[in-house]
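Note that the working numbering gives residue 48 to position 44 of the sequence shown, counting from 1, and the numbers run on in steps of one.
These aren't lab readings, by the way, just hints derived from the structure by calculation. Treat the hints with care, since some could be wrong.
Said to hold, decoys possible - Okay, derived cross-link-like pairs now, DSS-like style, lysine-lysine, Cα gap no bigger than 25 angstroms in a straight line:
(1) Lys13 / Lys140
(2) Lys23 / Lys137
(3) Lys150 / Lys12
(4) Lys6 / Lys63
(5) Lys13 / Lys23
Remember, it's a predicted structure, so these values are computed and weren't measured experimentally.
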Amino acid sequence: DKIDDAAKKLSAASYPFLKEIDWSSDVYAKLPTAGPFDVLKAIDKMIVMGAAMDGAALKAGAEAHHKALGSIDAKGVTSLADYTAINAAIGHMVASAGESKTMDVYNAFDSFSLGKDVGPYMMSKVSANDASKAYKAFLEFKDAVKASQ
5 DKIDDAAKKL
15 SAASYPFLKE
25 IDWSSDVYAK
35 LPTAGPFDVL
45 KAIDKMIVMG
55 AAMDGAALKA
65 GAEAHHKALG
75 SIDAKGVTSL
85 ADYTAINAAI
95 GHMVASAGES
105 KTMDVYNAFD
115 SFSLGKDVGP
125 YMMSKVSAND
135 ASKAYKAFLE
145 FKDAVKASQ
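Based on the sequences and whatever the hints tell you, model everything.
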């Protein structure tokens, strides 16, 4: 379907970018200016969204993530095939939850200020061209998921 097709394009376009990221860095586990209660409220929105998801789509997503753990290399990157399966599963999960629940999660996390230095710092660690290709493909993927809701 359209989500699976968009997931293939997203995965192919963003895989080089994914491989450049230092997944061992603790920067991805931090929310620099978020207070604990704000994080809890955002997690609550994620739980509500998960509860709204189609059970079969949620199960497929869990299975895709579980399978991908088996192909993670020493740098923390899964195979392209498993990455593609994860993206497709996420697309179907998000589509099944609906736009309102999805936007509630987005808005909850968007309220966290990451400071003016985070974006440039993160971009300095990867190829700007690869990041741009990944972003463009993500926007196309987002549109396919939204059209499927």
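Outcome of the hint check:
For the proposed pair Lys13 and Lys140, the alpha carbon gap of about 10 angstroms is at most 25 angstroms, so the pair holds. About 14 angstroms separates the Cα atoms of Lys23 and Lys137, which keeps this hinted pair within 25 angstroms; it holds. In summary, the hint linking Lys150 to Lys12 is supported, as the alpha carbons are separated by about 16 angstroms, within the 25 angstroms threshold. Pair hint Lys6 plus Lys63 holds up; C-alpha atoms about 20 angstroms apart against a cutoff of 25 angstroms.
In summary, the hint linking Lys13 to Lys23 is supported, as the alpha carbons are separated by about 16 angstroms, within the 25 angstroms threshold.
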